[in-house]
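Asks: In case you want the letters, here they are:
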Amino acid sequence: MLKTSCSALLAGVLALHGIQASAQETMTGAGATFPYPVYSQWADDYQDAKGIGLNYQAIGSGGGIKQITAKTVTFGASDAPLKKDELDEHGLMQWPMIMGGVVPVLNLPGTEKNSLKLDGETLADIYAGKITHWDDAAIADLNPDVDLPDTAITPVYRAEGSGTNFLFTHYLSQVNDEFADTIGEGKSVAWPAGVGAKANAGVAKQVAETEGAIGYVEFAYAKQNDLDHIRLRNHDGEYVEPSSDSFKAAAANADWSNAPGFYLVLTDQVGADSWPITGASFILMHKQVEDPAAAKRVLEFFDWAYANGGDAANELDYVPMPENVADQVRDSWGDIEGPQGESIWP
Amino acid sequence: MNDTTLQNFQTQQDSSTASEGAVRGPYSEAPTPDKGQPVTRNESVEENLSVRVRDLSLWYGEHQALDDISIDIFANTVTALIGPSGCGKSTFLRCLNRMNDLISSVSIKGLVEMDGRDVNARGMDEVALRRRVGMVFQKPNPFPKSIYENVAYAPRMHDMVSRKADQDELVERALRDAGLWNEVKDKLYEPGTSLSGGQQQRLCIARAIAVRPDVILMDEPTSALDPISTATIEDLMDKLKQDFTIVTVTHNMQQAARVADYTAFFHLGEMIEYNATKQMFANPHTKKAEDYITGRYG
Amino acid sequence: MHVSTKRLASSRFAFPGASDKEIRILKRNALIDRAFERSTQAFALAVLLLLGAILVSLCVSSWDTLSAHAVDFLTGDRWAANMEMFGALPAIYGTLVTSLIAVAIAVPVSFGIAIFLTEKCPEILRRPLGITVELLAGIPSIIYGMWGVEMLAPFLNHIFPDLFPAGSGLATAGLVLAIMIIPFITAISRDVMLTVPPITRESAYGLGCTTWEVVRGVIFPTVRHGMMGGVVLGLGRALGETMAVTFVIGNNLFFHPTITGQGTSIAALIANQFPEADGAQRSALLALGLVLFLITFAVLATARYMLNRIERRAA
Numbered sequence: 003m004l005k006t007s008c009s010a011l012l013a014g015v016l017a018l019h020g021i022q023a024s025a026q027e028t029m030t031g032a033g034a035t036f037p038y039p040v041y042s043q044w045a046d047d048y049q050d051a052k053g054i055g056l057n058y059q060a061i062g063s064g065g066g067i068k069q070i071t072a073k074t075v076t077f078g079a080s081d082a083p084l085k086k087d088e089l090d091e092h093g094l095m096q097w098p099m100i101m102g103g104v105v106p107v108l109n110l111p112g113t114e115k116n117s118l119k120l121d122g123e124t125l126a127d128i129y130a131g132k133i134t135h136w137d138d139a140a141i142a143d144l145n146p147d148v149d150l151p152d153t154a155i156t157p158v159y160r161a162e163g164s165g166t167n168f169l170f171t172h173y174l175s176q177v178n179d180e181f182a183d184t185i186g187e188g189k190s191v192a193w194p195a196g197v198g199a200k201a202n203a204g205v206a207k208q209v210a211e212t213e214g215a216i217g218y219v220e221f222a223y224a225k226q227n228d229l230d231h232i233r234l235r236n237h238d239g240e241y242v243e244p245s246s247d248s249f250k251a252a253a254a255n256a257d258w259s260n261a262p263g264f265y266l267v268l269t270d271q272v273g274a275d276s277w278p279i280t281g282a283s284f285i286l287m288h289k290q291v292e293d294p295a296a297a298k299r300v301l302e303f304f305d306w307a308y309a310n311g312g313d314a315a316n317e318l319d320y321v322p323m324p325e326n327v328a329d330q331v332r333d334s335w336g337d338i339e340g341p342q343g344e345s346i347w348p
Numbered sequence: 524m525n526d527t528t529l530q531n532f533q534t535q536q537d538s539s540t541a542s543e544g545a546v547r548g549p550y551s552e553a554p555t556p557d558k559g560q561p562v563t564r565n566e567s568v569e570e571n572l573s574v575r576v577r578d579l580s581l582w583y584g585e586h587q588a589l590d591d592i593s594i595d596i597f598a599n600t601v602t603a604l605i606g607p608s609g610c611g612k613s614t615f616l617r618c619l620n621r622m623n624d625l626i627s628s629v630s631i632k633g634l635v636e637m638d639g640r641d642v643n644a645r646g647m648d649e650v651a652l653r654r655r656v657g658m659v660f661q662k663p664n665p666f667p668k669s670i671y672e673n674v675a676y677a678p679r680m681h682d683m684v685s686r687k688a689d690q691d692e693l694v695e696r697a698l699r700d701a702g703l704w705n706e707v708k709d710k711l712y713e714p715g716t717s718l719s720g721g722q723q724q725r726l727c728i729a730r731a732i733a734v735r736p737d738v739i740l741m742d743e744p745t746s747a748l749d750p751i752s753t754a755t756i757e758d759l760m761d762k763l764k765q766d767f768t769i770v771t772v773t774h775n776m777q778q779a780a781r782v783a784d785y786t787a788f789f790h791l792g793e794m795i796e797y798n799a800t801k802q803m804f805a806n807p808h809t810k811k812a813e814d815y816i817t818g819r820y821g
Numbered sequence: 009m010h011v012s013t014k015r016l017a018s019s020r021f022a023f024p025g026a027s028d029k030e031i032r033i034l035k036r037n038a039l040i041d042r043a044f045e046r047s048t049q050a051f052a053l054a055v056l057l058l059l060g061a062i063l064v065s066l067c068v069s070s071w072d073t074l075s076a077h078a079v080d081f082l083t084g085d086r087w088a089a090n091m092e093m094f095g096a097l098p099a100i101y102g103t104l105v106t107s108l109i110a111v112a113i114a115v116p117v118s119f120g121i122a123i124f125l126t127e128k129c130p131e132i133l134r135r136p137l138g139i140t141v142e143l144l145a146g147i148p149s150i151i152y153g154m155w156g157v158e159m160l161a162p163f164l165n166h167i168f169p170d171l172f173p174a175g176s177g178l179a180t181a182g183l184v185l186a187i188m189i190i191p192f193i194t195a196i197s198r199d200v201m202l203t204v205p206p207i208t209r210e211s212a213y214g215l216g217c218t219t220w221e222v223v224r225g226v227i228f229p230t231v232r233h234g235m236m237g238g239v240v241l242g243l244g245r246a247l248g249e250t251m252a253v254t255f256v257i258g259n260n261l262f263f264h265p266t267i268t269g270q271g272t273s274i275a276a277l278i279a280n281q282f283p284e285a286d287g288a289q290r291s292a293l294l295a296l297g298l299v300l301f302l303i304t305f306a307v308l309a310t311a312r313y314m315l316n317r318i319e320r321r322a323a
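Chains as they are written, first to last, in our numbering: chain Y, 3 to 348; chain B, 524 to 821; chain V, 9 to 323.
These aren't lab readings, by the way, just hints derived from the structure by calculation.
Not one of these hints is a red herring.
Distance condition first, Cα-Cα at most 25 angstroms in a straight line; then the derived SDA-like pairs of lysine to any residue:
hint : chain 1 : residue 1 : chain 2 : residue 2
1    : Y       : K289      : Y       : T74
2    : Y       : K115      : Y       : I232
3    : Y       : K200      : V       : I150
4    : V       : K128      : B       : H681
5    : Y       : K132      : V       : E92
6    : B       : K662      : V       : F228
7    : B       : K668      : V       : F228
8    : V       : K128      : B       : W582
9    : Y       : K132      : V       : I267
10   : Y       : K73       : V       : A288
11   : Y       : K119      : Y       : K207
12   : Y       : K207      : V       : F163
13   : V       : K128      : B       : H586
14   : Y       : K86       : V       : E92
15   : Y       : K132      : V       : P169
16   : Y       : K132      : V       : D85
17   : B       : K558      : B       : Q587
18   : Y       : K86       : V       : N90
19   : Y       : K200      : Y       : G186
20   : Y       : K200      : V       : I267
21   : Y       : K207      : V       : S149
22   : B       : K668      : V       : P116
23   : Y       : K68       : V       : S65
24   : Y       : K200      : V       : R86
25   : Y       : K225      : Y       : P324
26   : Y       : K115      : Y       : H237
27   : B       : K662      : V       : T218
Chain V residues, not near chain Y, derived (Cβ > 12 angstroms throughout):
hint : residue
28   : S27
29   : G120
30   : I132
31   : L133
32   : I187
33   : R232
Heads up, the beta-carbon is just placed ideally off N, CA and C, and yes, glycines get one too.
Okay, chain Y solo, but in the shape it has when bound (with noise of 0.2 angstroms):
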């Protein structure tokens, strides 16, 4: 309650600033809040180098979706993607902006740091509450020369909505058929067991004081916080660390150009090097807008971005998009219409 009714307060001064800042040439959006971090640094270049602002809410992405639906702001931002049929319903576009991974943490005194080997079949099983303590044959066959003590597992999940989530799920649903059909993927499941925390810092506290929990964060929350993860077996079979150059990976094996509407989440895929859990986050625009002035501009920073962005992104771990994907975006921009159907990109 306290978060929405914040979010409308917030949103609020936003649209007040915002009749300033119309005039200054100011850009808004609104939406996820994983890639946040990475927008508001862009923002921040591309003030200094162009000199226009990015008035960025982030409010999750299912209030990206719905600023955007009803056009307050120009562009919209959500970590899952929208299905080709719900962007069309609404005249909407997407297109991948950032990528980042999720990576199981866990809390179990004993085992060394960062060794822990699991499967998405496992892993999956210890979510849905089939798998109950660490010394289960499961996990016991994944990593023999680990002494495993017979403690109990906490699965520990995100509470409220969110992309992680999204990721998650969708990567359990891939690797185990049964998590897919009784739990299933979504931005708000029902978990069978454990517990739920808010946001990443919350996962990551409930894991850092209960012994035996299982938790998952995103990549740079993990990294900046010096988490123990989990290394997780991919599609081929290979055991990955979680890192910039493992999304890559498996980002580099997508198939951007046969996805419609660049509906793609890019859990389990091939590759020795991917790491499973890789996802990038989605910017939502109408195909036909209404301000062709402001559309520009955002496009104009976000193909700044593309070109601009990587060292920013590197740095605060996120994962760039490669420039082939890039170029895909650029081209698929020239569907957006004016008010009288004339072409405003380039």
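Given chain Y, work out where chains B and V should sit, using these hints.
Replies: Chains B and V in isolation, oriented as in the chain Y frame:
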């Protein structure tokens, strides 16, 4: 304190002071009987000492409400405390069962002895004291319980009865003693508040005597009642003194004259005069008491 | 002369001999008074209207859920928005269990504090303690939530690792709620206990009753409706509490018949999901809101009724 030696001793002292008082005449401002003794004792009755108060002073914070009170109260008598409003008579009454303990700003100096024991002594338990000193208040105030339970509650709490039959007997006896039994015997389980004002007050008396105290304190027990109920209560007081010592505060001088064996007159926190009731009303020794009794103020 | 008689006959304000000016002023004042009366009436009605409007809008916006699967909604054992399975049972269960735990803990403690404050507390401590209780009642719930997640949950996990493997859960939420409603129930209990006339209290003490006997046998029976009212108001607060509960309840959306394990409450579930919800999920959450509204409304109406009874009797 009921041995005859002491009694004799006091009686001797009495006679000497009484004669002195007589010499000084009835209107002397300062009768000087022995401390706490009435100016005149009732003749031909063997009266034992029940409550002995010496040099009792009481303050509400800074305000002194009682000033150096000394009084002897005799067993199986009715003693009335009279005086104008605010003279300290109710405050004094509440010293006898330490009811003033409930008010934390009160400080007390002096001695209150009940059957030879100092009630304010460090080792004295006020709950034990109050079991021996019952109290009846201005306004009838039955507990929010049935008539039966009003009477039975405290005895049961004190483990005076264990069997239901004993309890029934105790309730009946208390209600009979309070002269209420015939009126309520068919509706013992109706709420106490369903009775009339006079009946409620007699229920409160029954409640007080059910725990078999030695002393019953009554704080203007009839001030909220009609004349008929008042007369019933007055009769009751007369009967009850066979078993109990009664100290009553009253506004009504006729009532004091009717029911009390002894009367003490209070004024502005001091006890001005203490005497056998007949003497007090016929022949008051102090000007202030006379003025009050004859209705010059009050 | 003719005009004047007519005026006299037609005006309520015209007594014989009244001047035109007098009548004008009287008329004006009457008009102002009527306008004032009407506007206060309008404000009062607006509150009723608002209540009705909230109820109606909740019903309308949750109609999709209620009309399509009212039974599933109330009995479904999970709230899986991604599969469009909206079972309110875990949330209703969690709401009731946490609130009942809270009341079970808070009632004896609150009554104890209230008894101490009214019967035994030295005069100099009475005001400071009373004010402290009132201040506690004013602390924003989010602070209790932070305290719960920072201190209480780890503490419970440390002391009873088997019962509280993760620290959070229904019992933890119930404890936090108990601490939140204790000042509330205490303040009301103290106030109603003070309505017992001193004479009633004294006559019980005068019979040689101990404090406990006086409280149990005389004070409680005298004010039991008021104290019940206080408890139910506390219960109402516990039922609707959101932030503090969301932090420590565990937010598990499956129905588990557990006391110490994780679960969710109606308010926590709405707070977690509403910002991101649309379509069927939004409608289901609104239906959940309607359920909470009805539960709380019933509880508060009961409390009001009980408090009215004691007020009537006191008068």
